[in-house]
Amino acid sequence: MIAEFGLAALWLAAALAALQLLAGSLSLTRGGEGFAAIVRPAAVVQGLLALVSFFALMVLFLRTDLSVQLVAMNSHSAKPFVFKLAGTWGNHEGSMLLWVMVMGLAGSLIALIERRLPERTMLATLAGQAFVSLGFYAFLLFSSNPFERLDPAPPQGAGLNPLLQDIGLAFHPPTLYLGYVGLSVAFSFAIGALITREVGPAFARAMRPWVLGAWVFLTVGITAGSYWAYYELGWGGWWFWDPVENASLMPWLAATALLHSASVLASRNALRAWTVMLGVVAFSMSMVGTFLVRSGILTSVHAFAVDPERGTFILVLLAINIGGALTLFGLRAATVTEGKRFALVSREGALVFNNVMLSAILGIVLFGTLYPLVTEAFDTRVSVGPPYFNPVSAIFFVPMLLVLMVGPLLRWRRDNLSRLRRRLVVPGLLLLAAVAALLAIGGIGVLPFIGLALAVALAAASLLPLRGRNLRRTPIATWGMVAAHFGIAVALFGAASESAFTKETLVAARVGDVTQVGPWQVRLDAIEPVAGPNWTAMRAGLSVRYGEGAVRQLKPQARSFWSPPQQTAESALLTRWNGQLYAVLGEEGEDGRWQLRLWWKPFVTLIWIGGLLIGLGGVLAIVAHVANDVRRSVAREKIADRRMRQGR
Amino acid sequence: MASIATSRIKPKHQRLVLLVVALVVLVAAGLLAAWALRNQASYFYVPSEMQADPPEPGRAVRLGGMVEEGSLKTQADGVTIAFVVGDGDARIPVRFSGIVPSLFVEGSGVVAEGRLGPDGTFLADNLLAKHDENYVPRELQEMSEHQTERVVAAPQ
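If you read the protein sequences in the order shown, they are chains A and B.
For what it's worth, UniProt numbering labels the leading residue of the first sequence as 1, then goes sequentially.
For what it's worth, UniProt numbering labels the leading residue of the second sequence as 1, then goes sequentially.
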C-alpha cells in the first residue's frame, strides 16, 4: 500500500507542477491576472506532496519491503539501520526522487517567504521552477519509477555496494543535492527576471541567500566527499579529477562566481546581464553533472544507472532547459540596461577578474571532463587526469589568488593601488620568507611550491580587512568573507603540503617486523580475524610511534562483504596536529608476509579544515544578509505604522 | 594609470570592453585546454596496438587485456608483481608495486595505468580490475564483450 501511496503522491505533485506552470504563465498574459492567486499555493502543496512521496520510499526501505523492485535490488534485511535509511538515496531512482523533493521544497519556500520582488517576477520565477521540476517528474514517472513492484517478491535483497556502506554516505549525497537543486532557485529567479525585465539590486538580494545556501551545501558536500574518498577507497588520494568529482566542482565554480557577481549587483547595481547569465550557467552545470553521473556514460562508483534510455531522457531535459534559458537570455540580454560603471582598479574590477578566472577554470574542467566522450565518438579511447587538470587550471587559479589578496581591500567604483602598498607589506614579506624557506628545503615540485608560498601570503592577506577595525563592531558579512578567503589559503596549504611532503612505504611484513615511514616507526604486532554484521575481515594490529613519542595503536582491515560478495580495504588513520599517518592492509603473500601500505601526510587535514572554513564563511554571509533583511523590513513596518497613526 | 584610461571610455562602451576581455580570456582558456588535452590525455592501448605502435616511453597511457595464465609472479620484496597482459596477438610484460585489487587473478581482464619503460616493460602505477558484478571498468567491459565475440566467431 505504501508504495502505491507514494506513487500517487508523486503523480499529484507532478500534476500540481503542471498547474503551477500553466497558472503562472497565464497570469503573466493580459487578462489572465486572475490565475495569479493559484500559483503560490500550488507551489507549496507540490513541495509537500514530493516530501510525502519521498517519506513513503524511506519507509519502504526501513521495512525492507522486498516486493518493491528498488528495495529488493538495493537493500538487505541484515543491513544496519542507518544504511537502510541511506539506501533510500543510494541508488538512481531514490536519488532522483530526492532531487525533485528538494526542488519542490525549495519552490514551496520561495512561494511562502519571498515578498520583496515585484509580484509578476515572482509568478514568472515560480512558473520557471515548475517547468524545470516538471521535466524531472516526467523523468521519474516514465523512466525511473522508484515504486515499481516486483512479483514475486524475492526472499532476500541484493544489498548495497559495500563501498557505499559508510556513514559518509548517509550525508554526502543529500548535502550535494541540496546544493545542486538550490541552484535551481537561482536559475528560476534568473528566468523570472529575464521574462519581466526586472534585473536589479532587488533581484540580486532575493537570489543571494539561495545562491549562498546552495554554495555552502556544495562546499560542505565536496569537502565531505573528498574526505570519504580519501579514507574509504584506501588509495591515499583526496581528489582524483574523477568525472563525478568534476560534476560537483563545476556547479561550485559557477556558484562561486555567481555569489560574487550577485554581491556587485546587490550593492552597486552593476554586472546585471552577467549575473543573470551566471544564474543560468550555475544550474545548467548541476544538470550537466547529473547527466554525466546518472546516464552511466562515464562509469564510476557513482553510476547507478547504466541505461541509454535514461541517458537520452536526461539529455533531452538538459537540452530543453539549458537551450531554452540561453535562448531567452540571448533574446533579452540586449534589453537589460547597463549597470553603473566602475574603474578597472576597484572592488568591482577585482570581482570581475575573479569571475572571469573562475569561468575560465570552469571551462577547463568542463572540456577535460567531456573530452573523453568526444574522442570516443571518433573511436579513440583516452582518459584525462591530473597531468592535464592541475597545471592548466593553475594558470588561471594563481592570478586569481593574487588578485584575491588585494580585492577585498579595494574601494568600490575607483581606487588607487598605491594606497594599498603599505598594507601589503606583511603578506609580501611572508611570501618572500616562504619562498626562501621552500628553496632551503628543496626538491619540491613547481605547483606545490607555488601553492605553499601563495597559501602563506594569502592567509595573511585575507585577514587584512579586519586590521584597524573594532573587531566587535565588524559586520558579520566581513567576518564571513574573511573566513572563506582564509579557508582557501588553509585548504591550499594542506593540498600543496600533501603533494610536496608525503612519504610512502610499501612493504611485505611478517608479524614483529618494524617499518619506517617519514618520522614514524610502525611495528606489525598481530593479524587477527574479526567479524561484523555483514562482513568478515582480517585485521592488522600496528604499534606506531612518532619519533621518540608514545606508542599508539592502528588497526587497518581487509574486509570481505558477503552480500554482495566484495572485498574492501578499511584504512586506519592516526591524526596529529601536523598531519596524518595512513595505513592500508593488503593481501597475504604465499610466504606468509602481509602487504602493508603506509603514508605519512603532513598537514593533509588542513584541506578539509579549509573546506569547512569556506563553508562557515558562507553561513556567516547568509546570517548577515538575512539579519539585514529582517532589520530592514522591521524598520519599514515601523515607518508604515507611524504614518498610519499620524494619519489618524 | 589604467583607471584613468577606462574612465575616458564612453559609458556605452564599458560593457563592450568587459565583454571583449571576458571573451578573449575564455577563448584563450579554451585553446589552452584543447592544446593541453592533445598532449596530456592518456590513451588506451590493447597489447597488439602497443606492440605495433608503441607510445613514447614515459608518456602516461593505459593498457588493457587479459592476464596470462601462469605469468603472475611475486618478486622477492613481496609487494612487486610481474605478469603478462595479452590479447591473443601480442604479449606485454607488466610490473606493478602495490596492493592489487581483490578480483585481480590470472585469466581475468585488467586495465593498467602507467607508462612503457625503455626496456619494453609496462610499469603500472595503478591496476583496475573488476570490483564486483556491478562495477566493471568501462574499457574492460567492452573489451571482454569484444573478446567474447571473437571467441564465438572463431571456429572450434
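Incorrect hints may appear among the rest.
Here chain B is said to cover these stretches of chain A; the calculated rule only asks that three of the stretch's residues, wherever they fall, bring their Cβ under 8 Å from a Cβ of chain B [stated by the list, open to error]:
hint	stretch
1	197-211
2	215-224
3	362-368
The calculated label-pair distances, taken between Cβ atoms and stated as ranges, are [said to hold, decoys possible]:
hint	chain 1	residue 1	chain 2	residue 2	range
4	B	G107	A	T380	34 to 40 Å
5	B	G30	A	M1	42 to 48 Å
6	A	D525	B	G30	34 to 40 Å
7	A	F142	B	G30	35 to 41 Å
8	A	Q553	B	P118	42 to 48 Å
These are computed hints drawn from the structure, not numbers from a lab.
Glycine included, C-beta positions come from ideal geometry on N, C-alpha and C.
Okay, the hints, checked on the actual structure:
no.: 1; hint: 197-211; verdict: violated (count 0)
no.: 2; hint: 215-224; verdict: violated (count 0)
no.: 3; hint: 362-368; verdict: holds (count 4)
no.: 4; hint: G107(B) / T380(A): 34 to 40 Å; verdict: 28 Å, violated
no.: 5; hint: G30(B) / M1(A): 42 to 48 Å; verdict: 55 Å, violated
no.: 6; hint: D525(A) / G30(B): 34 to 40 Å; verdict: 56 Å, violated
no.: 7; hint: F142(A) / G30(B): 35 to 41 Å; verdict: 37 Å, holds
no.: 8; hint: Q553(A) / P118(B): 42 to 48 Å; verdict: 44 Å, holds
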